[in-house]
Every structure is written in C-alpha cells, then in structure tokens.
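First to last, the protein sequences are chains A and B.
One point on numbering: in the working numbering, the residue at position 377 of the first sequence is 377, and numbering is uninterrupted.
One point on numbering: in the working numbering, the residue at position 247 of the second sequence is 247, and numbering is uninterrupted.
Do not take every clue at face value.
It does not matter which identical chain is used: a pair holds within one copy or between any two.
[Stated by the list, open to error] Within a straight-line C-alpha distance of at most 25 angstroms, the following computed SDA-like cross-link-like pairs (lysine to any residue) qualify: (1) K508 to F479; (2) K131 to P425; (3) K196 to N38; (4) K453 to Y373; (5) K437 to I90; (6) K400 to Y373; (7) K343 to F84; (8) K103 to D83; (9) K508 to G476; (10) K6 to E155; (11) K508 to P425; (12) K508 to H142; (13) K5 to N194.
No lab work stands behind these hints, which were simulated from the structure alone.
In this text, all values refer to a predicted model and were calculated from it rather than measured experimentally.
2 protein chains.
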Amino acid sequence: MAKKKKIIVIGGGFGGVFAAKTLEERGRGLVDVELINNNNYFVFQPLLPEVASSNISASDAVVPLRQLLTKVQVRQARVMGIDFKTKTVIVMQGARMTPVELKYDELVIALGTGVDLARIPGMADHALTMKDLTDAHMLRTHAIGCLETADVTTETPVKDQLLSFVVVGAGFSGVETAAELRELIRNALPYYHNIKPEEIRMYLIEYAPRILPTFPAELAEYATKQLSKSGIEVLTGVGTESATATGVALTNGRIINSSTVVATIGNGPHPLVQTLGLDMHWGRIRTDRFMQVPGQEHVWALGDAALIPLNDNPGEDPADYATQTAQFAVREGYQLAGNVVAKLKGEELKPFAYKSKGSLASLGMSKAVADVYGIKLSGMFAWLLWRGFYLSFLPGFVAKFRVGLNWMINAIMPPNIVQLRMRPPATRYIHFWRGDKVFEPGMLIDGFYTVIKGSFKLTIDNPDTDEHFEKVFGPGEHFGERVLVKSELRTGLVQALEDGLLLFIAQKDFTRFATAFPTLDAYFKDYIEETFGGPDKAFAPGNIDQSELEKTH
Amino acid sequence: MAKKKKIIVIGGGFGGVFAAKTLEERGRGLVDVELINNNNYFVFQPLLPEVASSNISASDAVVPLRQLLTKVQVRQARVMGIDFKTKTVIVMQGARMTPVELKYDELVIALGTGVDLARIPGMADHALTMKDLTDAHMLRTHAIGCLETADVTTETPVKDQLLSFVVVGAGFSGVETAAELRELIRNALPYYHNIKPEEIRMYLIEYAPRILPTFPAELAEYATKQLSKSGIEVLTGVGTESATATGVALTNGRIINSSTVVATIGNGPHPLVQTLGLDMHWGRIRTDRFMQVPGQEHVWALGDAALIPLNDNPGEDPADYATQTAQFAVREGYQLAGNVVAKLKGEELKPFAYKSKGSLASLGMSKAVADVYGIKLSGMFAWLLWRGFYLSFLPGFVAKFRVGLNWMINAIMPPNIVQLRMRPPATRYIHFWRGDKVFEPGMLIDGFYTVIKGSFKLTIDNPDTDEHFEKVFGPGEHFGERVLVKSELRTGLVQALEDGLLLFIAQKDFTRFATAFPTLDAYFKDYIEETFGGPDKAFAPGNIDQSELEKTH
Chain A
1 MAKKKKIIVI GGGFGGVFAA KTLEERGRGL VDVELINNNN YFVFQPLLPE VASSNISASD
61 AVVPLRQLLT KVQVRQARVM GIDFKTKTVI VMQGARMTPV ELKYDELVIA LGTGVDLARI
121 PGMADHALTM KDLTDAHMLR THAIGCLETA DVTTETPVKD QLLSFVVVGA GFSGVETAAE
181 LRELIRNALP YYHNIKPEEI RMYLIEYAPR ILPTFPAELA EYATKQLSKS GIEVLTGVGT
241 ESATATGVAL TNGRIINSST VVATIGNGPH PLVQTLGLDM HWGRIRTDRF MQVPGQEHVW
301 ALGDAALIPL NDNPGEDPAD YATQTAQFAV REGYQLAGNV VAKLKGEELK PFAYKSKGSL
361 ASLGMSKAVA DVYGIKLSGM FAWLLWRGFY LSFLPGFVAK FRVGLNWMIN AIMPPNIVQL
421 RMRPPATRYI HFWRGDKVFE PGMLIDGFYT VIKGSFKLTI DNPDTDEHFE KVFGPGEHFG
481 ERVLVKSELR TGLVQALEDG LLLFIAQKDF TRFATAFPTL DAYFKDYIEE TFGGPDKAFA
541 PGNIDQSELE KTH
Chain B
1 MAKKKKIIVI GGGFGGVFAA KTLEERGRGL VDVELINNNN YFVFQPLLPE VASSNISASD
61 AVVPLRQLLT KVQVRQARVM GIDFKTKTVI VMQGARMTPV ELKYDELVIA LGTGVDLARI
121 PGMADHALTM KDLTDAHMLR THAIGCLETA DVTTETPVKD QLLSFVVVGA GFSGVETAAE
181 LRELIRNALP YYHNIKPEEI RMYLIEYAPR ILPTFPAELA EYATKQLSKS GIEVLTGVGT
241 ESATATGVAL TNGRIINSST VVATIGNGPH PLVQTLGLDM HWGRIRTDRF MQVPGQEHVW
301 ALGDAALIPL NDNPGEDPAD YATQTAQFAV REGYQLAGNV VAKLKGEELK PFAYKSKGSL
361 ASLGMSKAVA DVYGIKLSGM FAWLLWRGFY LSFLPGFVAK FRVGLNWMIN AIMPPNIVQL
421 RMRPPATRYI HFWRGDKVFE PGMLIDGFYT VIKGSFKLTI DNPDTDEHFE KVFGPGEHFG
481 ERVLVKSELR TGLVQALEDG LLLFIAQKDF TRFATAFPTL DAYFKDYIEE TFGGPDKAFA
541 PGNIDQSELE KTH
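Make the full structure from the sequences, and use the hints.
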C-alpha cells in the first residue's frame with residue numbers, strides 16, 4: 001500500500017478549516033492532514049462584535065478545532081518559517097516554545113490577514129481591534145471599566161472622555177462593532193445610577209463618502225439612519241490623523257476626546273506571509289486559477305491571504321479576483337481540497353469560480369441590512385436572516401443548537417456586565433498631544449517613564465514652602481523614579497510641551513528590573529542622592545529591602 | 001428630615017453583599033449604603049472549580065454586584081487605607097488609579113481572607129490558586145495548554161510532566177478542584193489523539209491524616225474511594241516542602257514532576273486587614289458578639305475576616321467562634337445589618353448565634369458527600385442536594401434559572417476546550433532545583449535572566465568547531481543577553497548547579513527597557529563586544545534599529 005501523502009494546512013479560519021475537513025473526507029486513505037493554528041479554536045469572526053457586547057458568550061463564537069476536525073491532526077503552534085526547498089514547516093509550540101520541524105508533501109497557506117495600523121501615528125498603541133476573541137473580550141472589559149469609573153467620577157472632562165466611544169472604519173466590522181457597543185452600553189446603563197443616557201457619546205468614522213462602501217447605496221442609507229437614531233454620530237468623508245491616550249484627531253481638524261477607540265481599518269498582510277518571498281500583490285499571495293502558487297510545485301493558498309483570479313485575464317480590477325470574505329473562503333476550501341486530491345491522483349484540476357450570494361451587516365437592536373441574491377432587505381427580517389445564515393455556517397448540529405439556544409436565553413436575561421480584567425502590559429508606548437498631562441500630584445505611582453520623542457515638563461509646587469521646581473525632559477531622559485523611593489503618590493505634574501511619545505514601565509516590573517542590574521546601582525545611588533536627598537528613603541537596587549525579597553523566597 | 005447616615009461596606013463577598021442588601025432594606029430612609037469591591041461582581045466561590053473545568057461558564061459563577069444590589073451604590077475601587085479617626089476610607093479607582101476619600105458614619109469590614117503561600121518556597125511563584133474567577137480561568141487555560149502541548153510532544157519526560165497535575169490541600173476547595181480538573185481532562189481527552197488515558201497522573205496532597213478533615217470520617221473515606229477510583233492518587237499525612245517550575249517536593253522526600261500545581265492551602269489575612277492596627281487573632285479581626293470591633297465606635301466586621309464569638313466565654317477552641325464559611329457569612333450579614341440599624345435607632349442589638357446546617361463537598365462526576373442536619377449522604381443524591389443548595393444561594397430568580405438551565409445544557413454538550421490565553425507576565429521569579437535546565441540549545445529566545453540565588457552553569461558546544469565554552473553565574477550576574485543580538489535560538493545549555501532562583505524578563509519588555517536607559521548603552525556596548533564579537537550583530541540600546549522604532553511611531 002502506497003504511503004499516504006502529508007498535507008499541512010496553516011491557519012484555522014474559514015479557508016483552512018473547510019480545506020482541511022474536505023481534504024480528509026475526499027482524500028481518505030490517500031492523505032494525512034494536519035492543521036496548524038496558533039489558537040486551538042476556530043473563530044466565527046462575524047460574531048465577535050456580539051461577544052464584545054455580551055450578546056453571546058465567547059464560547060458561542062468559537063468552536064474548538066479538535067471538535068470541528070475530529071479526524072484531522074490539530075496542532076496548536078506558531079509557524080516561524082517555511083523552507084520550500086526541503087518542504088519543511090518550522091513551528092514553535094508549548095509554553096517554552098520549542099522549535100519543531102514538520103515535513104510536508106503539499107502545503108496549504110490559509111493564514112488570513114494581519115493588522116497594520118502603522119500609517120496612523122498612535123493607532124497601534126492606543127486603538128483596540130476586533131480581529132479575534134481576545135480583542136472582543138478586551139473591548140467589553142474596557143467599555144465596562146469606563147462605565148464603572150464614570151459612575152463614580154464627578155470631574156466633567158474626565159467623565160466625558162470615559163463616556164465617549166469611537167469606532168474607526170465603517171465596513172461590516174466597524175458597523176457591527178459600533179452597533180453592538182451601543183447595545184452593550186444601552187443595556188448596562190440602568191445599573192449605573194450616576195450616568196445619564198445623554199452623557200454617552202458614540203462616533204462611527206469612515207473615510208469613504210458613505211458607510212458600508214461595498215453595499216448598495218440605499219441599504220447604506222438605511223443603515224446610517226438606524227445608527228443615527230440609536231445615538232451614534234456617523235462621520236463620513238473623514239479619516240483619522242493620529243491617536244493618543246486621550247482620543248483621536250480627525251483629518252478635518254476635529255479632536256474627539258475618548259478613552260475607547262476601536263480600529264476596524266488597517267487590514268494588511270499576515271506578518272509571516274510577508275516573509276515567505278512569494279509573489280504578492282495588494283498584500284496577498286498570487287495564485288493561479290487552481291489556487292496553486294506559481295513557481296512552487298507543492299504550495300497552495302486560499303482565503304484572505306490569497307489573490308485568486310476569477311477569470312483567465314485578471315487585471316487591476318479587484319472584481320477580477322475572489323473577495324476576502326467568509327463565503328469565498330469556504331468555497332475555496334472545498335475547491336482547493338478537490339484540486340489537491342485530483343493532483344495526487346493525476347486527475348484534472350478545476351479552476352475556481354464563484355459568485356457572491358450577497359452581503360449582510362448587523363445593526364444591533366434586532367435590525368440588519370442584507371443584499372441577498374440581488375434582493376435588498378432591511379429591518380428585523382434581514383436580522384433574522386443574518387442570524388440564520390451564520391447559524392448555518394456553524395459546523396455541526398451541536399454548535400448550532402447551543403448558539404441558537406443561548407441567543408434565545410440571552411434575549412431574556414439581564415446583560416452580563418461582569419468585568420474580567422486582564423493583566424496590563426508591563427511596558428507600553430503612550431502618545432501624547434501637546435498640553436496633555438502625563439500625571440498630576442496625588443495620583444498613585446504606577447510606573448516609570450522614559451521620553452522617546454518630544455519634550456515633557458515636570459513642575460513641583462510644595463504647598464508648605466512655596467517652593468517651585470521645574471525641569472524639562474527630552475528624548476533619552478526619564479522621570480517618575482519615585483517608584484524606587486518608598487512613596488505612594490506623585491508630587492509633581494508632568495505635561496507634554498509638544499506632541500510626544502513616552503515608554504511607560506509598570507512599577508512592579510521596573511523595580512524587579514532594576515534589581516537585575518547591579519550595574520545600575522551606582523547610577524541610581526547617585527541619582528537618588530541628588531534627586532531625593534538620601535538613600536535611606538530610597539528603594540534603590542543596591543538598597544533593596546532584602547528582608548522583603550527573602551520573605552517570599 | 002434628619003440626614004441619612006452613610007454606611008460603607010468594604011468587600012463584595014457573601015458577608016458584604018448580604019449585609020449591604022439587608023442594610024438597605026431594613027434601613028430605608030435612615031441610611032445610604034455604599035459597597036466597595038475591587039471587582040464589579042460577586043463570586044460564588046464554591047462554583048469556581050466548575051468554572052475551571054468548563055462545567056459551567058464564568059458568567060454562571062458570578063453575579064454583577066449592580067444587579068444584586070440595585071438600590072445600593074456600588075463602587076469598583078481598591079481600598080488603600082482607612083482613617084478611623086476621621087472616619088474616612090481612601091480608595092483608588094479608575095484606570096489611572098486616582099485616590100478618593102470617602103467619609104462614613106458606620107463602616108463594615110467584609111474583606112475576607114488573602115492567600116499566604118510564603119511558608120513554602122516557590123509556591124507563591126509557581127502554584128496556581130483557586131480564590132477568584134481569574135484563577136479558575138487561568139487553571140483551565142493552563143490545563144488545556146498542557147494537553148495541547150502534550151498531544152504533539154514525543155519526549156517522554158516532558159510529556160509526563162505536562163500530563164501530571166497536582167492539587168495541594170484536601171479541604172473542600174482542594175477536593176472539588178481535583179475532582180473538576182479530573183473531569184475536565186477526562187472530557188477533553190478524546191479530542192487529543194496522541195494522549196492515552198493512562199498517561200494522565202493526578203495527585204491530591206493533604207497534610208492531615210485524612211482528606212476533608214472537618215467532615216465525618218466515613219464521608220471522608222467514601223470521598224477518598226471515589227477520587228481514587230476516578231484516577232486521582234490521594235496522598236495524606238504529607239506536606240509540600242518546595243515548588244519549582246518543574247514540580248513539587250514533598251515532605252517525605254518524594255518529588256512529583258508536574259507543570260500544574262494548584263495550591264488550595266495558605267489562607268491568611270487579607271493584606272489590607274493586616275495594616276489596620278485592629279486587634280487580631282488567628283489572622284482575623286476580633287469582634288464582640290454583636291460584630292462590633294471593640295475600641296472602635298463605628299466599625300463592624302463579619303465574614304472570613306472576622307473572629308466572632310458564639311458564646312460569652314470564648315477561649316482558644318475554634319468552635320467557640322463562627323466558622324469561615326458562606327453559611328455563616330450570610331447569617332452574619334443579616335444579623336449585622338439588623339444591629340447597625342438598631343444602633344442608629346437607639347434600640348437593642350442582638351448577639352450573633354448560629355449553628356451550622358452542615359457541609360457539602362462535590363466530587364465531580366455527579367457525586368458528592370454531604371453532612372446535613374446530622375444526616376450523612378453520599379453519591380448522586382448528595383450531589384443533587386449540593387447543586388440545589390448552591391442554586392438556592394444565588395440571589396434572584398433570574399440567576400437561578402440561568403445557571404440551572406446552563407447546567408442542563410452543559411450536561412449534553414461537548415466540553416468547552418477553548419483555550420483563551422492571557423498575556424504572560426513581563427517579569428517573573430522562577431525557582432529551580434539542582435540539576436534543572438533553564439534552557440537548551442535550539443529553544444526560542446524568550447527573555448533574559450538574572451541570578452537572585454544559587455549558581456547556574458552555561459555550556460556552549462559548537463558542533464562545527466569542537467569549541468567548548470563554560471561559565472558559572474552567581475547572584476547579581478545575568479545571562480541570556482542574546483535577546484539583544486539579532487538571533488532567534490539559544491546556542492547554549494544552562495543548568496542549575498544548586499537549588500536557586502532566577503528573575504526572568506520577557507524579551508519584548510527587556511528590549512524596551514534597555515532602550516529606556518541610555519546609561520546602559522556603554523555597559524552593553526562593551527558586554528556585547530566581548531561576548532559576541534561586535535556591535536553590528538547587536539540589537540543593543542545604542543544601536544537600536546531606529547527604522548524599526550520609527551516604523552510604528
């Protein structure tokens with residue numbers, strides 16, 4: 001009996017999952033299929049905004065890959081590289097990230113796309129995204145946190161910033177995210193006694209002249225009306241120029257102060273795909289009509305990562321190629337699997353051809369817009385259709401039943417406003433506009449700052465002595481060393497003199513880090529002597545409270 | 001109309017919640033109640049092990065405080081201190097942790113207990129706990145991660161360590177956690193094709209001569225049999241001596257290699273309670289029979305944090321005092337609320353008296369042990385009773401309905417094996433036993449190490465040149481600087497020459513940190529020159545790839 005061929009599928013999204021599943025079914029006895037994904041579950045991305053709003057729970061928007069693909073080997077690992085010559089995929093797996101080399105006979109690339117917000121200063125550091133489950137979770141946690149804090153805040157500018165929410169990009173994802181965020185807040189608000197509905201401000205920002213640019217104009221108009229009616233200010237024909245810790249600046253000069261900015265723009269190539277050296281266009285891997293990668297005998301690509309021509313003479317018109325949607329990815333998966341098996345059997349391959357059945361976008365509040373088989377629908381019927389459509393996509397009866405049942409239960413339950421906070425990052429870049437305050441006297445010391453760009457002025461006024469101290473910090477200089485001194489609250493005010501960038505290091509990690517460098521001892525001993533007047537007040541590395549360390553070690 | 005009295009309740013557990021709720025009901029028109037908690041939800045702690053096993057979802061084990069206490073002001077904040085003289089509570093709230101001072105007329109302390117694992121070296125750094133929702137979530141994520149990695153691991157010692165699970169402490173929490181963990185793995189295993197059931201090893205470790213020491217002996221025996229039958233090795237009369245990244249060492253000399261150690265021991269006073277300067281015993285705040293704190297005119301305490309006498313002559317017998325259970329906390333809450341209102345009205349206070357109705361412990365797999373009203377029960381009936389009991393505790397019909405319904409649904413659904421990973425910490429302390437490997441050649445560079453205690457030997461063997469390099473590092477010295485050089489994989493092996501402790505700093509944060517200290521420039525420039533032979537290979541601070549930084553900023 002001939003040895004089975006090893007097919008490796010990289011990527012567990014719509015394309016990868018349906019390709020792997022079909023490959024196993026149609027290639028039984030002929031192929032061994034392995035699917036590699038960095039998460040052990042398949043994300044039903046269109047449902048992510050509903051996870052963010054708690055309309056459905058996270059477990060209803062994902063399906064464990066092992067339950068989807070029971071006969072396929074599933075490997076949770078991160079692909080580090082591909083050696084096309086030796087037909088090897090190098091992955092890292094496990095908690096210690098040990099490298100493993102996997103040989104393949106045929107390789108299917110289904111990595112999807114990545115996020116690239118580099119074009120807009122500050123966006124990468126300050127905007128939330130809606131690409132995966134962690135994103136949906138983070139948005140929910142963050143939004144609820146804003147409500148919690150606003151409920152006990154009396155300072156109006158701070159409260160306003162907490163209660164302003166901005167979604168950038170009004171394609172499907174942006175519209176659905178804005179709608180669901182609106183619903184989350186609307187449902188949670190009755191529990192926050194000190195927040196009035198009129199204090200909430202929501203914005204949806206779109207660069208194109210209208211939202212949902214790929215939709216028929218009249219549906220986009222209906223959608224705009226619905227969103228506006230629900231309290232979302234829709235701004236079209238305007239883009240985002242920059243983002244900071246306190247909000248976004250738009251291309252028309254307007255500044256919106258907000259603690260919550262969600263970026264649904266910035267689709268770019270997957271970082272690994274960029275390194276493969278394959279022929280790319282528009283950030284996607286060029287394939288032939290059979291989804292093979294030209295010049296690579298055993299490599300195939302599909303889904304958002306691929307640029308698959310729909311006819312024999314594709315030009316520069318995007319309509320000549322498969323669109324980056326779930327519908328297309330699923331059909332490509334079926335087709336590609338058939339082609340791989342055909343190739344291995346020496347049979348003829350089929351060119352990919354598919355016409356979109358339509359589009360759907362949810363507007364929350366049991367309304368949606370749909371353009372299906374040319375028929376335009378809106379309102380609740382479209383919404384039910386949307387729900388039914390995505391339910392049908394869920395693989396397996398069990399998943400359909402559970403999600404459907406949970407939808408019904410959630411409709412009658414009070415909203416889930418539980419805030420599960422996650423560990424904040426130890427280091428992060430924070431952007432500031434001129435005039436922004438970094439910290440003020442009385443605030444809890446949370447960390448240490450280094451200037452990367454710009455200049456920042458520290459002012460300390462001692463109320464008891466009329467003493468006034470000022471200092472300006474530029475790139476490479478640092479402030480906030482009080483984390484090393486046994487004090488809890490800031491004594492000074494730091495303000496940005498120009499647009500700038502700081503690197504923030506959280507207190508606990510900074511203190512630990514300082515202990516890791518005895519060489520910094522001398523540096524800090526001097527610094528603290530000068531700045532604070534003496535080492536006995538200091539919690540500096542050389543002076544670290546050994547008893548504190550020994551207590552737990 | 002007389003001004004209402006302000007009552008602040010600190011802590012949103014059983015005691016705090018029932019006290020606040022009853023205070024508001026019985027003191028209407030007389031008091032304004034505010035409850036402060038660091039999370040915005042009430043945790044149903046006995047259900048946490050079931051959250052860890054995905055038997056129930058996180059949202060079924062918690063209830064948002066605002067939905068529980070609709071007429072009480074809920075504040076999500078961290079209490080930093082209490083000034084009894086000025087009757088002020090100082091809290092930090094919001095993302096920037098701004099301090100706020102709150103005045104009270106009466107204060108109720110319901111902070112519960114804290115975790116103190118300091119007595120066992122390594123436990124605090126390496127053991128998971130089961131105190132709150134994040135813990136349950138982390139245990140589940142971690143356990144599934146172990147299965148995922150084990151499924152694609154062929155090295156037997158590594159696989160064995162991944163598939164060994166240890167629970168320390170066999171009181172209610174430990175027994176329920178071990179049982180639920182067993183169930184999680186049992187249900188998930190069919191999806192992991194490369195793991196055989198016999199490769200799983202589970203241990204429950206108890207220092208006392210038997211598990212469930214507060215239970216009647218025959219029930220504890222039944223429980224032990226059930227746990228053993230389900231594959232858990234129950235070890236009694238033995239404690240844990242130390243823990244490291246690779247397992248635990250027991251007091252009888254045995255070492256169990258395991259990637260998953262859960263500590264359900266280590267109950268200690270809440271960190272804030274320790275700082276209040278109140279009269280404490282056994283780590284709990286002494287109160288009189290009315291739950292007032294002696295010597296403090298307006299301070300009350302209840303729940304796990306308090307030591308409430310049950311008779312007029314309490315001695316050193318724990319039975320003279322209220323036990324630290326949910327049952328007692330709830331009754332104390334009712335009673336205390338009545339007493340506070342009585343005090344404000346000038347009426348008589350009631351001494352606290354209550355007799356436990358019994359105890360219940362779940363053993364997973366639809367079995368439990370119960371000692372209720374003196375009647376001993378075991379098996380499925382006890383389990384249904386356990387379920388019913390805790391369902392009755394859930395405040396509000398809606399919560400009961402939802403949890404009950406979800407229990408039924410989950411009974412027929414496939415297990416939720418979705419692994420939602422959380423951001424790992426940027427810095428952490430890692431303990432090692434003599435002989436343990438820190439890293440080996442070929443492993444992905446993940447960070448940088450400093451020696452805190454012990455000594456570690458680095459060995460580099462160059463296969464091409466027969467070159468052999470060795471170096472020993474002691475406290476204050478560091479290794480792993482390859483994070484600064486543009487290389488991806490370790491080239492050397494580091495092993496612990498004696499039991500020791502390292503501080504690990506994750507790569508990304510370390511690199512960012514190094515850029516924050518231009519003063520480290522000179523230090524690293526020299527170091528890299530010596531160690532790696534040249535700065536052009538180095539990613540050192542002075543040489544940082546400016547283009548990389550500018551790309552995103």
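**OP:** State whether the alpha carbon distance between K103 and D83 is at most 25 angstroms within one copy, between copies, both, or neither.
**Re:** within (9 angstroms within a copy, 67 angstroms between copies)
**OP:** Can you give me the call for K508 and F479, within, between, both or neither, at a CA distance of at most 25 angstroms?
**Re:** Cα proximity of K508 and F479: in one copy and across copies (16 angstroms, 21 angstroms).
Subject >> Alpha-carbon proximity between K400 and Y373, which holds within one copy, between copies, both or neither at 25 angstroms >> reply: within (24 angstroms within a copy, 44 angstroms between copies)
Subject >> 25 angstroms Cα threshold - placement of F84 relative to K343 >> reply: within (18 angstroms within a copy, 81 angstroms between copies)
Original post:
For the identical chains here, do K508 and G476 meet the 25 angstroms Cα criterion within one copy, between copies, both, or neither?
Top reply: both (21 angstroms within a copy, 18 angstroms between copies)
**OP:** Classify it for me, K5 with N194: is the Cα-Cα distance of at most 25 angstroms met within a copy, between copies, both or neither?
**Re:** Only across copies: K5 and N194 sit 20 angstroms apart there, 64 angstroms inside one copy, limit 25 angstroms.
Subject >> Intra- versus inter-subunit Cα pairing at 25 angstroms for K6 with E155 >> reply: Answer is between: at 22 angstroms across copies they meet the 25 angstroms cutoff, but 63 angstroms inside does not.
Subject >> Same-copy or cross-copy closeness of K508 to P425 [CA-CA at most 25 angstroms] >> reply: both (11 angstroms within a copy, 11 angstroms between copies)
**OP:** Tell me, please, which holds for K437 and I90 at an alpha-carbon limit of 25 angstroms: within, between, both or neither?
**Re:** This pair counts as between: shortest inter-copy Cα distance 23 angstroms, intra-copy 46 angstroms.
Original post:
Within a copy, between copies, both or neither: where do K508 and H142 come within 25 angstroms Cα-Cα?
Top reply: The answer is both: 22 angstroms in one copy and 24 angstroms across copies each meet 25 angstroms.
**OP:** Classify it for me, K453 with Y373: is the Cα-Cα distance of at most 25 angstroms met within a copy, between copies, both or neither?
**Re:** Classified as neither; 53 angstroms inside a copy, 70 angstroms across copies.
Original post:
Checking K131 and P425: alpha-carbon separation at most 25 angstroms within a copy, between copies, both or neither?
Top reply: both (19 angstroms within a copy, 23 angstroms between copies)
Consistency note: the structure conflicts with earlier hint 4 alone.
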